[in-house]
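Student: Here's the letter readout for the chains.
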Amino acid sequence: MHPFTYAAPHSVAEAVQLFAHASGRNPRFLAGGTTLVDLMKLNVEVPSHIIDITGLAELAFHDVSGPRDLLDRWRG
Amino acid sequence: MLMNVFPEQSAHVAADSTSSFGEAGDTIAVEIELNGSIHRLDLDPRATLLDTLRERIGLNGAKKGCDHGQCAACTVHVDGRRVLFCLSLAVQARNKKITTIEGIAPDGDLHPMQQAFLDHDGFQCGYCTPGQIMSAIARVREGHADSADDIREYMSGNLCRCGAYVGIVAAVQSVAGNRD
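Going down the list, the sequences are from chains A and B. By my numbering, the letter at position 41 of the first sequence is numbered 41, and the numbering carries on one by one without gaps. By my numbering, the letter at position 13 of the second sequence is numbered 89, and the numbering carries on one by one without gaps.
Everything labelled a hint here was simulated from the structure, so no lab data went into it. Watch out, some of these pointers could steer you wrong.
[Stated by the list, open to error] For the chain B half of the interface with chain A, some residues (derived, Cβ under 8 Å), not all of them:
#1 F97
#2 G98
#3 E99
#4 G101
#5 T103
#6 E109
#7 L117
#8 P121
#9 R122
#10 G145
#11 L165
#12 V167
#13 Q168
#14 S250
[As the list claims (entries may be wrong)] Result set (DSSO-like, lysine-lysine): computed pairs, CA atoms no more than 27 Å apart in a straight line:
#15 B:K140 to B:K173
#16 B:K140 to A:K41
#17 B:K173 to A:K41
Treat the numbers as computed from the prediction; the structure is a model and nothing was measured. Beta carbons are placed, not taken as given, at the ideal position from N, Cα and C, and that holds for glycine.
Using the sequences and the accompanying hints, generate a full structural model.
Tutor: Take a look at the structure:
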């Protein structure tokens, strides 16, 4: 695996700022890691910066509100 | 509608900040609570938790089967939830509580799930067994229904190439049925 730098921001705003700061290189957000870490082991993904968003309480929910027309269409 | 998926996470805001980038190649100082004792480690960000556990700390219970998140032989608990350690970076365990197969029962004793795997022949070669047992304990704690079908569903990520599945389901079912 290629070297990268790691950061674990404390808010979504901080995470976005870190990503912007590293743009032009190859930053990646780390959420579950199922795909990203696996592909990093194979050198398919070669991130320069890893921004770990797993601990962000702001993202610890699913929002299932919003337009339902797609669901309704699917149900016929 | 908002559903809080990980309500416990807000309790784990890191005391030591890694909220900015260091230089590539830097190690990161991390404190991990492993089976009740605190470990302080300087970690290369590339190190997986599984390699750190096995090669630096010397706990070989969690197994490296595929190293790609497909077999679940490396299943371990982080803050009580089951996690695949081969796909976790060790630095992610900062300030988390980790329990491995070595930490589920006091020395010399067996956890009821370990005893159940013995009683019901829940293994042949035993390579997948630590992961199976860690998944099984979490499954019981998660409170999923106790039917054989539900056990098969919620244990479906744990592969056993010996095919001891019938014994594994029986073992898990016996513990699930006996819980308080």
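Student: Report holds or violated for the interface hint on E109 (chain B), using the least CB-CB distance to chain A and a cut-off of 8 Å.
Tutor: violated (16 Å)
Student: What's the verdict on K140 (chain B) and K41 (chain A), does the C-alpha distance respect the 27 Å limit or exceed it?
Tutor: holds (14 Å)
Student: Double-check P121 (chain B) for me: the hint is only fine if its C-beta lies closer than 8 Å to a C-beta in chain A.
Tutor: Status holds, d = 4 Å.
Student: Holds or violated: is there a CB of chain A closer than 8 Å to the CB of Q168 (chain B)?
Tutor: holds (6 Å)
Student: Min Cβ distance, L117 (chain B) to chain A: is it shorter than 8 Å?
Tutor: violated (14 Å)
Student: Against chain A, with CB atoms and a cut of 8 Å, does the hint on L165 (chain B) hold up?
Tutor: At about 7 Å, which falls below the 8 Å cut-off, the nearest Cβ of chain A leaves the hint on L165 (chain B) intact, so it holds.
Student: Does the CB of F97 (chain B) sit less than 8 Å away from some CB of chain A?
Tutor: holds (4 Å)
Student: Holds or violated: is there a CB of chain A closer than 8 Å to the CB of G98 (chain B)?
Tutor: holds (6 Å)
Student: Let's test the interface hint: is any C-beta of chain A closer than 8 Å to that of R122 (chain B)?
Tutor: holds (5 Å)
Student: A closest beta-carbon separation below 8 Å is what the hint needs, so does V167 (chain B) meet it against chain A?
Tutor: Hint holds; V167 (chain B) Cβ to chain A Cβ min 5 Å, cut 8 Å.
Student: Taking the closest Cβ pair, is T103 (chain B) under 8 Å from chain A?
Tutor: At about 10 Å, which exceeds the 8 Å cut-off, the nearest Cβ of chain A leaves the hint on T103 (chain B) violated.
Student: Do the numbers back the hint for G145 (chain B), that is, is its least Cβ distance to chain A under 8 Å?
Tutor: holds (6 Å)
The structure is inconsistent with the numbered hints 5, 6, 7 and 14, although it conforms to all the rest.
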